[in-house]
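Enquirer: Can you make the complete structure from the sequences, with help from the hints?
Position one of the first sequence corresponds to residue -12 (this note's numbering), numbered consecutively onward.
Treat each hint with caution, since some may be false.
[What the hints assert, rightly or not] List of simulated lysine to any residue pairs, SDA-like, C-alpha gap at most 25 angstroms:
id	residue 1	residue 2
1	Lys899	Leu926
2	Lys311	Arg208
3	Lys517	His76
4	Lys817	Ala776
5	Lys528	Pro183
[To be verified] Now the in silico label distances, taken between C-beta atoms and shown as ranges:
id	residue 1	residue 2	range
6	Asn443	Ser696	43 to 53 angstroms
7	Ser696	Glu512	46 to 56 angstroms
8	Ala776	Asn816	16 to 26 angstroms
9	Ser696	Gly520	40 to 50 angstroms
10	Ala317	Ser249	32 to 42 angstroms
11	Asn491	Tyr699	53 to 63 angstroms
12	Ser675	Ser704	21 to 31 angstroms
13	Gly520	Lys680	51 to 61 angstroms
14	Tyr699	Ser800	20 to 30 angstroms
15	Asn443	Ala317	37 to 47 angstroms
Hint data in this document are derived by calculation from the structure and do not stem from the laboratory.
For glycine and all other residues, C-beta sits at the position ideal for the given N, C-alpha and C.
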Amino acid sequence: MPRYNPAEIEPKWQRYWETNRTFRTPTHPASEKLYVLDMFPYPSGAGLHVGHPEGYTATDIVCRYARMQGKSVLHPMGFDAFGLPAEEHAIKTNTPPRVSTEKNIAEFTRQLKMLGFSYDWERVLATTDVEYFRWTQWIFLVLFDTWYDTESQRGRPISELPIPDNIQNAGDQAIARYRDSKRLAYQDDALVNWCPALGTVLANEEVIDGKSERGAHPVQRIPLRQWMLRITSYAERLLNDLESLDWSPGIKKLQSEWIGRSTGAEVDFYLGDTIGFASWKAERSEAGFPSQADDQVLRVYTTRPDTLFGATYMVIAPEHAFVKRLTTKAQLQAVESYCEAASYKSDRERTEDDSQKKTGVFTGSYAINPVNGAPVPIWIADYVLASYGTGAIMAVPAHDQRDFDFAQQFDLPIVAVVDPGEAKDIDHDQVVAGARCYPGLGIAINSGEYCGLETNALKAAITRDLHAAGLAAGAVNYKLRDWLFSRQRFWGEPFPILHELDSNGKPTGAIRAVEPSDLPINLPELEDYKPHGRPEPPLGKSPDSWLYVEIDGKRYRRETNTMPQWAGSCWYYLRFIDPTNAEAFCDRDLERAWMPVDLYVGGAEHAVLHLLYSRFWHKVLYDRGYVSTCEPFQKLVNQGMILGEVEYTAFQVQGRWANLSELRKDEQLGWVCAASGQQACQVALQESAVKKKGDGFVLAADETIKVDSRAYKMSKSRGNVVNPDEVVREYGADSLRLYEMFMGPLEATKPWSMSGVSGVRNFLDRVWRLFVDFQAEEVHLLPAIQDVAPTLEQDQMLHRTIAAVTHDLNQMSFNTVIARLMEFVNFFNKQDVRPRSAMSDFVLLLSPLAPHLSEELWALLGHDQSLAYEPWPTFDEALTKSSKVEIPLQVNGKIRSKITVASNCSKEELEKLAKSDERIVELTADKQIMKTIVVPGRLVNFVIK
RNA sequence: GCCGGAGUGGCGGAAUUGGCAGACGCGCUGGAUUCAAAAUCCAGUGCCCGCAAGGGCGUGUGGGUUCGAGUCCCACCUCUGGUACCA
-12 MPRYNPAEIE
-2 PKWQRYWETN
8 RTFRTPTHPA
18 SEKLYVLDMF
28 PYPSGAGLHV
38 GHPEGYTATD
48 IVCRYARMQG
58 KSVLHPMGFD
68 AFGLPAEEHA
78 IKTNTPPRVS
88 TEKNIAEFTR
98 QLKMLGFSYD
108 WERVLATTDV
118 EYFRWTQWIF
128 LVLFDTWYDT
138 ESQRGRPISE
148 LPIPDNIQNA
158 GDQAIARYRD
168 SKRLAYQDDA
178 LVNWCPALGT
188 VLANEEVIDG
198 KSERGAHPVQ
208 RIPLRQWMLR
218 ITSYAERLLN
228 DLESLDWSPG
238 IKKLQSEWIG
248 RSTGAEVDFY
258 LGDTIGFASW
268 KAERSEAGFP
278 SQADDQVLRV
288 YTTRPDTLFG
298 ATYMVIAPEH
308 AFVKRLTTKA
318 QLQAVESYCE
328 AASYKSDRER
338 TEDDSQKKTG
348 VFTGSYAINP
358 VNGAPVPIWI
368 ADYVLASYGT
378 GAIMAVPAHD
388 QRDFDFAQQF
398 DLPIVAVVDP
408 GEAKDIDHDQ
418 VVAGARCYPG
428 LGIAINSGEY
438 CGLETNALKA
448 AITRDLHAAG
458 LAAGAVNYKL
468 RDWLFSRQRF
478 WGEPFPILHE
488 LDSNGKPTGA
498 IRAVEPSDLP
508 INLPELEDYK
518 PHGRPEPPLG
528 KSPDSWLYVE
538 IDGKRYRRET
548 NTMPQWAGSC
558 WYYLRFIDPT
568 NAEAFCDRDL
578 ERAWMPVDLY
588 VGGAEHAVLH
598 LLYSRFWHKV
608 LYDRGYVSTC
618 EPFQKLVNQG
628 MILGEVEYTA
638 FQVQGRWANL
648 SELRKDEQLG
658 WVCAASGQQA
668 CQVALQESAV
678 KKKGDGFVLA
688 ADETIKVDSR
698 AYKMSKSRGN
708 VVNPDEVVRE
718 YGADSLRLYE
728 MFMGPLEATK
738 PWSMSGVSGV
748 RNFLDRVWRL
758 FVDFQAEEVH
768 LLPAIQDVAP
778 TLEQDQMLHR
788 TIAAVTHDLN
798 QMSFNTVIAR
808 LMEFVNFFNK
818 QDVRPRSAMS
828 DFVLLLSPLA
838 PHLSEELWAL
848 LGHDQSLAYE
858 PWPTFDEALT
868 KSSKVEIPLQ
878 VNGKIRSKIT
888 VASNCSKEEL
898 EKLAKSDERI
908 VELTADKQIM
918 KTIVVPGRLV
928 NFVIK
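Expert: Here it is in structure tokens:
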């Protein structure tokens, strides 16, 4: 093997690591611990994508480097294996999902092992393992057993829930119902996205543009009994604790906007006449503001209580409970048809056409504005959402764009109550006249006793006054909604919940949790997996032996919903710590020893949901004393997307080249000629056929024709998917790893380039030839490698490389690490004598990035053990500096000359030397030196006139 | 619309945070080796003017601060990711 042959050495070292259990993690950390986690993949039938190894290589490098620094490293891998694709496959082929899932996992495992990642494979898990989801079910029972104590701001056992006297007196059933209503896991009728074609209900994130994400089938919204998780109780903590995390500001912002905290006030508008209003007000000033609104009032939430005087109408959502009550006879028909139409509209359709176009209908009723006693008409409109705030608003068209649009549409009065003053880009007079909407801050006008107050002062004052009068209270709202936690699918974790049946086999409404000792609840075997076309879950087709349970003489039916795919990924990082524990989801001491995850790397597509859901579960486990940290993931890095190769495209109409400006997009035909309407075809071009001109590219043959140049997302339909198997076959795993790191910063989006892969392969070939005579028959070290001390120059090169590589690895700046190693190789390739010690250190520096080649060279240098735990090379600071530096000499900021001086040259000396430089003397001869800037070790700048 | 991120040679990208723009790689050009090719090695390579010495211009655009700006400030343009009436 004279030449570098990865096909031979890579499998060899993979076998070595496996047989010697090189990367087995100690149960307890034996030294400083480091927990490095990859977001585990969904094992799709398509196999590994080149996007996967990007993050995996980055973490692998971090881990290999950390081991060489003596740290105890936990670096596991697993599979997020429940999910719809396997079930779809099962429906089509009648293969049990477990069978296809296991096949896919085997394939993923082979591909991951082929890339030489240093995972501790003895800890591998899949969310579909029965022994794994046993504990997913167990954690669900913890959620079921927990209520949120708002006073102490933490989750507590349901047995500690205070039961109000009236409930206590109403008997056991009432108590049970009360408890059920307070649990973190509760049942509710929720509007769900029912997709008749898939025969399943979809999560919001699975619905895109009103169609199913998979298959683009139409989706309807229907109410269904669902399991919900009370994540909103944790909204405040999920928001506040973000601060302590080492995550990018972008991701933190995304999460905090998703949580969407806003502060304002809840205000009650009296429903009735002015006489009733007076007595109601008197009552309220006695009793205060009730936490639950009663039937006498319409309660709204507003972030702008300062604009109460400008509320000229109110709007309730079409689903609001008061719709019927408030609708007068005259309006009945209009209201009914409006609400029915609204119920058919998806969220998407509600917002589709330009948001200017508001729809709505008058109820015929009025409420009374608590600040001035004015009657305010109540409308119904779908721009108000039932699920946010109180589902009702006071509309202030002068200072809210949506209300303004609506008021204009229906000719409702607009009263300005905020004077914008000198605010920029605002037509002051128009605003005050109510002809323009101004949503910003300013000085109150038309606001009775509050006139003249600044917005924020007024907010505080009016909230305080109304609260004292029992008419309003400060309030906080979140965009975050409770988590719809059940799916009507087969391939997910069954809920450990039983529904009590009466003697007729009908559910009584009572539920009970499966005893933890009876877990796991495994999935039944089904005859087939086809949806039965009803919104009920497919587990309803289970054999009776699975479906029905008898305990203490009572009959129960199992819950047939299953958990969503997010469930298994919510806690897998904990199971990796103690993957085979049969007594607990994770041993407490081990949890304390390894948590938190020090580095978590994965795609930005999970920036919100997965990370929010995991954080939520973690906090519940924390409150209940099962984990020791309140956050699971200390540092988070999102790897960027890898796009396909850059493509050059031009258009042709009837065989003639056409510019994009001559074309327009047609719905059916795609691009067509704007003038003639003829269809244009896209022509893919080779790089050699195009030329750079100005900002873009043009045809080399006809420079008037612009060429589109861009990289697209890899997709099957585009045919630009790069298969890692092929890359490994052609270039080797080390080349793939190295290329993915060399492409650019980890977090950036970057296009693939096969010639870039061959570039790094070239580098590895050069590394090989640095050690091995590639023309010899046998593999042996070159005679140039000798047991001699390095020259000063060689030593400086080595120590600078160690310093730079170490520094950049700490920054996770892998592309520049590789550049440094290349410089080292370029230098030593020219050295006839290559000291063995320097070469050994180089192999160690290379090893986290290209581990197979490095192990091979390490063995060749005479070692009989893996280098995985060799100490990381250290550097001598003094040797990273040279004794001389070249200093640029500038005149008026432009470089005119350079001098070489001792690196410790003093400021005065440097200035003297610079002034005597021939070229500087020449340029300053008949000029006056106004100023001299001397930065020792950097530059000298003469400002002359 | 709103909120992030990013615009640097033919291409991917560097630049110790205000101090030599273009490290490293790809590509390209020339040379050595070879009967020839592959492979390898050496040299060159931002653009423009010039035989050269040298000069001018250059980090999306326009302005500003500074002795000095890819880096800081203001305005704008383009691409990209997220989001969608949250009162």
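Enquirer: Can you give the numbers of the hints that this structure goes against, from lowest to highest?
Expert: When the structure is compared with the hints, none of them turns out to be violated.
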